[in-house]
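**Q** Using numbering that gives the first Met the number 0, the letters of the sequence shown correspond one by one to residues 0 to 461.
Each hint should be verified, as a subset may be incorrect.
[To be verified] When the alpha-carbon atoms are kept at most 25 Å apart in a straight line, the in silico DSS-like pairs for lysine-lysine are as follows:
1. Lys150 - Lys241
2. Lys187 - Lys162
3. Lys130 - Lys87
4. Lys441 - Lys457
5. Lys119 - Lys187
6. Lys139 - Lys187
7. Lys266 - Lys162
8. Lys123 - Lys150
9. Lys78 - Lys91
[Said to hold, decoys possible] Distance windows between CB atoms, simulated:
10. Ile237 - Leu174: 21 to 27 Å
11. Ile326 - Ile237: 42 to 48 Å
12. Thr73 - Ile118: 40 to 46 Å
13. Asn161 - Arg286: 37 to 43 Å
14. Lys216 - Ala420: 28 to 34 Å
Hints were generated in silico from the structure; no laboratory data involved. Backbone N, C-alpha and C define an ideal beta-carbon position, used for all residues, glycine too.
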Amino acid sequence: MSLPQTKEREYRFKLALRMGLPIFALILAFISNTLITTYNSLQVTFYIESILLLAFSIYFIFYLIYRGFDEKITEVVSKTFTREYLYKYLKKELKKEREYTLILISIDNLNDINARYGIKNGDKALYQVAKYMSEYLESKNIYNFAIGHVKGGDFVIGLKGNKSQYSTILELFCLKSSEYKVDDIEVKISGAIVDTSFSNNLDYMIENLFEIQEEIKYQKQTSNDEEINPSELESFVISAIKNRTFILLTQNIFENDKSIIKECFVKLKTPNAKLLHQKSYMNVINRLGLMVDFDLMVLEKIVACINDKESEIFALTIAPTSLRNPIFLTKIKELIKNKIMFIISEQEYYSHSDKFNNTLKSLREMGILIAIDKLGALHTSFLYMRDLEVDVVRFDSQLTKEIKNRNYNSIIIGFIAMAQARGVKTWMKMIESEDTKIEAIKLQIDYLQGKYLSELEKIYEN
């Protein structure tokens with residue numbers, strides 16, 4: 000048993016003892032007085048009842064104390080519902096209400112506040128933001144709503160009705176909070192909203208809130224007609240991976256107008272032959288822990304499609320977590336041939352960079368090329384470019400869109416200089432016009448890709 004658990008039990012025992020002593024004293028005084036005054040006339044049942052009364056009193060007091068610790072409803076810091084109680088409460092509400100809305104309110108810079116100003120100020124920010132949001136909703140005549148702390152700087156609010164009733168309120172709150180401060184500490188607040196039209200499963204709804212939040216941060220656009228019930232989506236993804244039902248497409252990447260690389264794209268197929276695009280299924284694959292299975296499935300098919308006549312290198316996006324998985328690496332050694340490039344990127348920097356770099360070195364020794372994706376958008380891509388030995392870096396599509404913008408242009412030039420100094424090739428995607436192509440050539444970017452240069456080509460379907 001850990002020290003916190005031991006101390007917790009000690010604390011509960013001492014508290015129960017302090018609460019129980021007056022009751023035990025009264026019971027003992029009553030029994031003693033009865034014994035002294037009516038000793039001769041007492042029956043055996045009195046002794047049995049006294050012992051039972053004392054035993055049940057002890058049990059009841061200890062039970063109340065221990066249950067009281069287990070059944071916490073509100074959190075000490077934020078004074079909102081605990082995650083456990085919030086989930087229990089919301090599940091009951093979702094069963095009762097046909098229309099129900101969840102709102103996510105996040106303190107995006109809570110980690111920074113904790114690091115720069117101390118944990119106490121971070122706790123104060125949590126409390127003040129929860130209070131601020133509650134007061135704001137009450138000012139809009141919304142009362143008796145559930146609000147709970149889910150994790151980190153994230154709060155979830157439950158409201159009766161559909162999201163159309165609250166979307167404007169949330170937008171106004173986020174606008175109003177753009178310069179919100181707690182004791183001169185800047186607090187960055189963001190929000191997301193979802194209702195039961197998406198799903199009435201609480202877990203799916205909360206996961207969707209975080210997905211929407213990420214989409215807003217990276218300004219991704221989603222179309223409503225692509226939305227699928229999340230439980231169905233999970234079953235579709237599992238079925239597609241299990242039965243190997245997917246479409247494999249490629250697009251040519253050019254160096255000096257010559258096709259050098261073929262990037263591979265995957266669309267999963269549902270049992271009713273509908274196609275699932277990457278933005279629809281990748282979060283589900285991660286959530287279900289199927290990333291290694293997915294990456295292996297795609298890699299096996301690409302290797303099977305490569306023949307000796309192919310001059311281009313086949314490039315596919317591989318999760319860095321798969322590359323760090325021993326089972327995946329063992330399979331690669333059995334499968335791999337030349338003419339393969341792995342494209343990697345991830346949100347969080349992997350701290351054991353030396354170990355990761357050794358893995359990439361062993362792959363490169365096998366003839367596999369390594370490309371870093373989303374340079375200019377993810378800070379991890381810049382750090383991996385600095386710390387890892389790779390062959391290619393690919394710019395984020397936003398840099399392509401803003402290639403004529405002087406500020407973005409200077410960033411691209413800086414990245415190109417860094418890449419050339421390290422002997423790394425540069426790659427730009429989303430070339431959609433002649434003007435963009437000319438600008439990219441002027442900047443001496445090595446590889447160019449886009450619909451203007453080459454359309455997608457299907458090479459496999461099952």
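**Q** Please go over all the hints and tell whether each is borne out by the structure.
**A** Structure-based check of each hint:
no.	hint	result
1	Lys150 - Lys241	violated, 33 Å
2	Lys187 - Lys162	holds, 23 Å
3	Lys130 - Lys87	holds, 22 Å
4	Lys441 - Lys457	violated, 32 Å
5	Lys119 - Lys187	holds, 17 Å
6	Lys139 - Lys187	holds, 22 Å
7	Lys266 - Lys162	violated, 31 Å
8	Lys123 - Lys150	holds, 15 Å
9	Lys78 - Lys91	holds, 21 Å
10	Ile237 - Leu174: 21 to 27 Å	violated, 41 Å
11	Ile326 - Ile237: 42 to 48 Å	violated, 19 Å
12	Thr73 - Ile118: 40 to 46 Å	violated, 20 Å
13	Asn161 - Arg286: 37 to 43 Å	violated, 26 Å
14	Lys216 - Ala420: 28 to 34 Å	holds, 31 Å
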